[in-house]
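A.B. asks: Given next are the chains, with one letter for each unit.
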Amino acid sequence: KAGVTQTPRYLIKTRGQQVTLSCSPISGHRSVSWYQQTPGQGLQFLFEYFSETQRNKGNFPGRFSGRQFSNSRSEMNVSTLELGDSALYLCASSPQTVNTEAFFGQGTRLTVV
Amino acid sequence: DAKTTQPPSMDCAEGRAANLPCNHSTISGNEYVYWYRQIHSQGPQYIIHGLKNNETNEMASLIITEDRKSSTLILPHATLRDTAVYYCIVRRLGGTGANNLFFGTGTRLTVIP
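If you read the protein sequences in the order shown, they are chains R and C.
Counting with my numbering, you get residues 1 to 113 for the letters of the first sequence.
Counting with my numbering, you get residues 114 to 226 for the letters of the second sequence.
Treat each hint with caution, since some may be false.
Claimed, not checked - Within a straight-line C-alpha distance of at most 30 Å, the following computed DSS-like cross-link-like pairs (lysine-lysine) qualify:
{"no.": "1", "chain 1": "C", "residue 1": "Lys-182", "chain 2": "R", "residue 2": "Lys-57"}
{"no.": "2", "chain 1": "R", "residue 1": "Lys-13", "chain 2": "C", "residue 2": "Lys-165"}
{"no.": "3", "chain 1": "R", "residue 1": "Lys-13", "chain 2": "R", "residue 2": "Lys-57"}
{"no.": "4", "chain 1": "C", "residue 1": "Lys-116", "chain 2": "C", "residue 2": "Lys-165"}
{"no.": "5", "chain 1": "C", "residue 1": "Lys-116", "chain 2": "R", "residue 2": "Lys-57"}
{"no.": "6", "chain 1": "C", "residue 1": "Lys-165", "chain 2": "C", "residue 2": "Lys-182"}
{"no.": "7", "chain 1": "C", "residue 1": "Lys-182", "chain 2": "C", "residue 2": "Lys-116"}
Hints are computed from structural coordinates only; laboratory data are not their basis.
Bear in mind the structure is a predicted one, so any value in this text is a computation, not a measurement.
All chains should be modelled from the sequences, with the hints used to inform the complete structure.
C.D. replies: The following block contains the structure:
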């Protein structure tokens with residue numbers, strides 16, 4: 001079974017631009033969560049989607065948004081990029097929302113210059 | 114979700130057992146203890162989870178105290194590839210956002226040859 005796939009792996013953007021990151025969950029998994037990891041703040045939860053609906057959202061500004069498609073693939077978008085958005089963005093998939101382990105992808109490393 | 118406390122770092126000799134403690138004194142009756150690890154620049158990897166009984170799988174053992182206020186992750190024969198940051202997470206059973214994982218600062222385990 002293929003794991004969680006995140007694309008692209010690396011990305012460099014300039015301040016003010018927007019970026020879209022993609023996550024393909026494990027086949028059959030319907031829950032997708034996104035996390036941001038920075039040296040200063042560690043791993044922080046962004047949002048979770050299940051069956052195309054956002055189920056939960058972390059404490060991030062509205063510039064961070066996401067969506068999930070009918071095939072469970074998910075995208076997250078960051079608009080008006082700031083230098084502080086430089087981070088490793090991780091996606092995790094789970095079969096369902098109730099107390100199951102989450103499988104993480106390798107992440108997308110975003111650098112904002 | 115209950116907060117956890119872990120030592121920031123630990124060393125372990127290769128081949129010996131690594132015992133990683135976690136304090137979760139405010140854990141509720143419906144909250145599980147989960148352990149993940151993150152090897153440098155990779156996505157977190159699920160290790161094990163439990164509610165109140167001790168658990169064992171092919172990777173590790175989880176020992177939860179009778180009052181459930183603390184737990185210990187045991188890697189029985191540590192190898193150099195076990196060098197990673199280990200996160201102890203407490204999360205509640207069911208509900209929305211069940212895959213919303215709150216990662217603390219974790220314990221950086223270094224396995225020494």
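A.B. asks: Next, verify each hint and record whether it holds.
C.D. replies: Status of the hints after comparison with the structure:
1. C:Lys-182 x R:Lys-57: 28 Å, holds
2. R:Lys-13 x C:Lys-165: 47 Å, violated
3. R:Lys-13 x R:Lys-57: Since the Cα atoms of Lys-13 (chain R) and Lys-57 (chain R) sit roughly 25 Å apart, the hinted pair holds (cutoff 30 Å).
4. C:Lys-116 x C:Lys-165: 17 Å, holds
5. C:Lys-116 x R:Lys-57: Given that 30 Å is the threshold and the Cα spacing comes to 19 Å, the pair holds.
6. C:Lys-165 x C:Lys-182: 10 Å, holds
7. C:Lys-182 x C:Lys-116: With a Cα-Cα distance of about 11 Å, the restraint between Lys-182 (chain C) and Lys-116 (chain C) holds, given a limit of 30 Å.
Checked against the numbered hints above, the structure violates only hint 2.
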